[in-house]
Structures are given as C-alpha cells and as structure tokens.
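Q: Chain by chain, the residues run as shown.
Protein chains: 2
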Amino acid sequence: MAGTDRKRSPMLGGPAVVLVGPQLGQNVGMVARAMLNCGLEDLRLVNPRDGWPNPAAAAAAAGAGQILDATRVCETVEEAIAGLQRLYAATARPRHMVKPVLTPRAAAADMCEVKARGEAVGILFGPERSGLSNEDLTLADRVLEVPLNPAFASLNLAQAVLIVGYEWYQAQAFGSGGTRPRRLPHGGVRLADKAELLNFFARLEAALDAGDFFYPPEMRPSMVRNLRNLFQRADLTDVEVRTLHGVVTALSKGRGRGRG
Amino acid sequence: MAGTDRKRSPMLGGPAVVLVGPQLGQNVGMVARAMLNCGLEDLRLVNPRDGWPNPAAAAAAAGAGQILDATRVCETVEEAIAGLQRLYAATARPRHMVKPVLTPRAAAADMCEVKARGEAVGILFGPERSGLSNEDLTLADRVLEVPLNPAFASLNLAQAVLIVGYEWYQAQAFGSGGTRPRRLPHGGVRLADKAELLNFFARLEAALDAGDFFYPPEMRPSMVRNLRNLFQRADLTDVEVRTLHGVVTALSKGRGRGRG
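Protein sequences appear in the order of chains A and B.
Plus 1 on top of the position in the first sequence (first one is 1) and you've got this note's numbering.
Plus 1 on top of the position in the second sequence (first one is 1) and you've got this note's numbering.
Mixed in with the good hints, there may be bad ones.
[Stated by the list, open to error] Just so you have them, the derived chain B footprint on chain A, three or more residues with Cβ under 8 Å:
(1) 35 to 48
(2) 163 to 175
(3) 204 to 218
(4) 226 to 236
[To be verified] One-sided excerpt, in silico: chain A residues whose CB lies under 8 Å from chain B:
(5) G64
(6) A65
(7) L149
(8) F153
(9) A154
(10) L156
(11) Q160
(12) T244
(13) G247
(14) V248
(15) V249
(16) L252
(17) S253
(18) K254
It is worth saying that the hints were derived from the structure and are not from the lab.
Note that CB positions come from ideal geometry on N, CA and C, so glycine has one too.
With the sequences and hints as input, model every part of the structure.
A: Below, the structure is given as structure tokens:
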C-alpha cells in the first residue's frame, strides 16, 4: 500500500487529514491508526515539530504504518491544501469568524456531496496545545465543531480525527441517515414459522393447564395472550422452538423421576 | 462530584460504562476522560487486573478524576449490572449468538427511549486484549458493533467508549437524527432489571437440572447461553418475569398434584 502521494489520491480514501504543526510523534502515529480505522489514507503534515520521519510516530501507528509511509510533509498550510476544493477546519472553541459551523455529522454529509462531484476534500487540525490559528482557520470553507460536554469538551488529536473519520465512514457506507438497520444474526438457522410457534404455544398451554397455572379460569384468555406475546417478541428460531419443547418436557417430568 | 454510587444514579449521566477485566490503569483513565467528554459519569469496573485505585489511571484521567473517584469496583459482572434494565455489549467481532446487533447510533436512539421510560442502561466493554467472553455477551440484551474499515476495525478501549458515548451525546442533545426507534408499549409496567432476570435464569436452570435437561453435561454452558439469549431478546417486563416463575412452578409441579 505504500506509495507516493500521487497514487494516493484523496478521491480514493476519503478526505485528506492535514495536521498543522503537530507536536508529538506519538500523536501523529495515533492519528494514522484512527484514520485507517475509518478508511482514510491521505495524511499531510505541516511542519511537524519533531521532524519527519519520526520513530515515535511509527511505534504508535502499530498496524497503520502504511499511512505514515505515504504521508506528505509540507512547509506551509497553503502547500498542503493546494489541490483541495473544500476545506474544513476542526476547532474546539468558537471563534469570531463569519463562516458556517458544522457538526462532524453534517460535515460528513457535505463531504459526500462534494466528493460525489469529483472534488477533493480535506480537514485541518491544529497543534495539540493551541489548536488552529485564526490565519489557518481563515483558509477553510467550513468550521467543524464536535458537540460534546461543554464542561469538558477537549479531545486529543487522534480522538478528534477518529470522530470526524467515523462520521465520514458512516455517511459514505450507509448514506446520510448514517446507520444500518438492526440485524439479528442467525448463524445458519431460520426464524420459526407460525405453525411451529402455534404448535409450541398449544403444547405449553396444555402443560400449564395440567399444572393449574391459569387461575382464576376467566383470566385464561388474557394470560394466554400475555404469554404468547412474550415469546413472540423474542423472534424465535426453529432451533429455539425445539429447545423450548425440550424445556417443557424436562420441567413437566416432575422431580420424582431420575434419568430414564 | 465525588460521592457514593447511590448518588450517581445512571439516570443523571447517561448509560453506565462497565469495564470487564480492564488490564492497564492508563486505559481506565483514558476511558474516564472519554466518558466525561460525552457527559457520562457512571463507571463500573469488574476485577481490574492491576487493582484499584490505580495511580496510572489517575494520571491518564487528568481532568476527569471525578469519574474515577466515583467508580464502583465489583467482583462479578452480575453484581455490576444488577440494577440495569437494558444492557448492551460492545464487541469488535461477530459471534454466533442470536441477539440483535446495533450500530452505536441505533443503540443511542434505543438508550434514549429506554431512559425516557425511567429505566437504567449500561454498556459492557471487555478486556483490552480479548474482548468480552461469550458468557458476558450472553448477559446483554443487544450487541453493539462499530461499523469501521473491515480491514482495520480494532479500536482501543477509550476510543470505543468515545464513539459510543459520542453517539449517546448526539442523540440526547439533538434527537435520534431521523432513525425511528422501535417502540414497545409497556402499559405501566417496567422492564425487568438484570438481578430479576438472572434470578429467573438461575431458577429455571436449576429446575432444568432437576429434569435432566442439560445433556450431555459438556453441552450445558452453550445450552444455558442459548436459553438465556432467547429470553433476553424478549425484553421481559418485571410482570412477565413473575409470570415465567409461575410457568416454571406450574410445569414442575408434575401432573399428580391439584391446586393446593
């Protein structure tokens, strides 16, 4: 996967992540991991404080070394963003700047739209301690703010990249709703059909009649309904219905009998 | 903010975060930070490997020491989840278990709905290296999977907590974002809590032991898991759990006895 940045077009792997003046190599490595988690591949560094390449970054990147191998280092923000058509600036605190402010979710939808037009997108992140300067922020088309606990909103660099990348991944994978419907893995089994279910219900109710469960008798219809609803809600598989037959058999055997 | 866990009701600060067998104190500290970022306050540890309190956790928590001060340490998962009515299990890899699988976003909508009914919610996270065991997973009502780059999906513990907490924060602050949560009218009753459920399971399994249900004996653990998963999926109310106790009683009475 290593290669020149020419081969790693931002069109392939989502938005470019541009770190302006990152301080610790370890943080750059952790950003690389978060990026790969989210399918992002295009990392650009502007004046990394501790130089480049950086052994601390490589150590922290662990399985995401391919991102570092392809990282591009620039001397100015202007150089790093030159090929991009839409630039977002991630910031933790509001600034006095007349510029649209988006949540990561809204930004992700926006990015999908821009990329669908064949245009290149990037996100600026500032130095760990100070964040982006107003000058850097001015370069961006949109400000990106993560809505979090206002009393404790600061994220470390890799976490900020993770949240923005996560939203990007959800948007491009699942559309603007961003979520997959609930699924229920059945591991090769199938849902019980209604005949199987009704057969089990009838059998259970007969066994309960024999144990005088339905009392007083006039309550039987509503008690039966409640029981059926309860089992119905579990979306039972065919295997589970057979298991439940076994449960009724085992319980009904009574305590007096041993293994036959 | 420090206080007993009684004062830190999960109703106040969102879902409880339950770390099962966390290994590094540093990771617990980073989880505390991620929680506070997302307005989560109720942290519970089950058998932390390096003991508790832990200086490495305190150092990593930095500004989030208040979460650690109020952390509850338990010896078993059952103890940690006893008062919860809905439990999610975070897992990185699919398991052969018939249980609904939700994205963090769908789960957050679900949590808001459950909490709006006044019920308590928690999320299980497994040890850093191995993740949750099948036994722990069986205790949960829902499985929570973060959709990420399938070629590189593993998140560290604090990042997983961050994403889940982030979605919770977005959902409670801005609504469910268009996803339509499943509605389950309870008509004045409440979901059973985990202590009530586990008590029923233990009782059912003892009755099944008496009826020689678990055969061959080496299959008992997986048979128990399957049974618990099946009942768990039904989102039982407290009234239904009492009904099921009545079912076991009635079936176990055998056919010889009449009403006493």
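Q: Decide, hint by hint, whether the structure agrees.
A: Okay, the hints, checked on the actual structure:
1. Proximity of the region 35 to 48 of chain A to chain B, defined as three or more residues with a beta carbon under 8 Å from a beta carbon of that chain, is established by the 5 residues found.
2. Interface restraint, the region 163 to 175 of chain A with chain B: holds (7 residues with C-beta to C-beta distance below 8 Å; minimum three).
3. Closer than 8 Å: that is the beta-carbon criterion, and the region 204 to 218 of chain A has 8 residues meeting it against chain B, so the requirement of 3 holds.
4. Check on the region 226 to 236 of chain A: 7 of its residues sit with their Cβ under 8 Å from a Cβ of chain B, so the three-residue criterion for coverage holds.
5. Interface restraint check for A/G64: the shortest CB-CB distance to chain B comes to about 6 Å, inside 8 Å, so the restraint holds.
6. Hint status for A/A65: holds, given a least beta-carbon distance of 7 Å to chain B, under 8 Å.
7. A distance limit of 8 Å between C-beta atoms decides the matter here; for A/L149 the minimum to chain B is near 5 Å, and the interface restraint holds.
8. Evaluation of the A/F153 hint against chain B yields a held restraint, the C-beta minimum of about 4 Å falling below 8 Å.
9. Satisfaction of the interface hint for A/A154 is found here, the shortest Cβ-Cβ separation to chain B being roughly 7 Å, below the 8 Å cut-off.
10. The closest approach between the C-beta of A/L156 and any C-beta of chain B is roughly 6 Å, which is under the 8 Å cut-off, so the hint is satisfied.
11. Taking 8 Å as the C-beta contact cut-off toward chain B, the hint placing A/Q160 at the interface holds, the least distance being around 6 Å.
12. Taken as an interface hint, A/T244 checks out: its beta carbon lies about 6 Å from the nearest beta carbon of chain B, inside 8 Å.
13. Annotation: interface hint on A/G247 holds; nearest CB of chain B at approximately 6 Å, less than 8 Å.
14. For A/V248, the suggested interface contact is upheld, since its CB lies about 7 Å from the closest CB of chain B, less than 8 Å.
15. Taken as an interface hint, A/V249 checks out: its beta carbon lies about 6 Å from the nearest beta carbon of chain B, inside 8 Å.
16. Interface restraint check: A/L252 against chain B, minimum CB-CB distance 4 Å, threshold 8 Å, status holds.
17. Here the hint on A/S253 is kept, as its CB sits about 5 Å from the closest CB of chain B, short of 8 Å.
18. Checking A/K254 against chain B: minimum C-beta separation of about 5 Å stays under 8 Å; hint holds.
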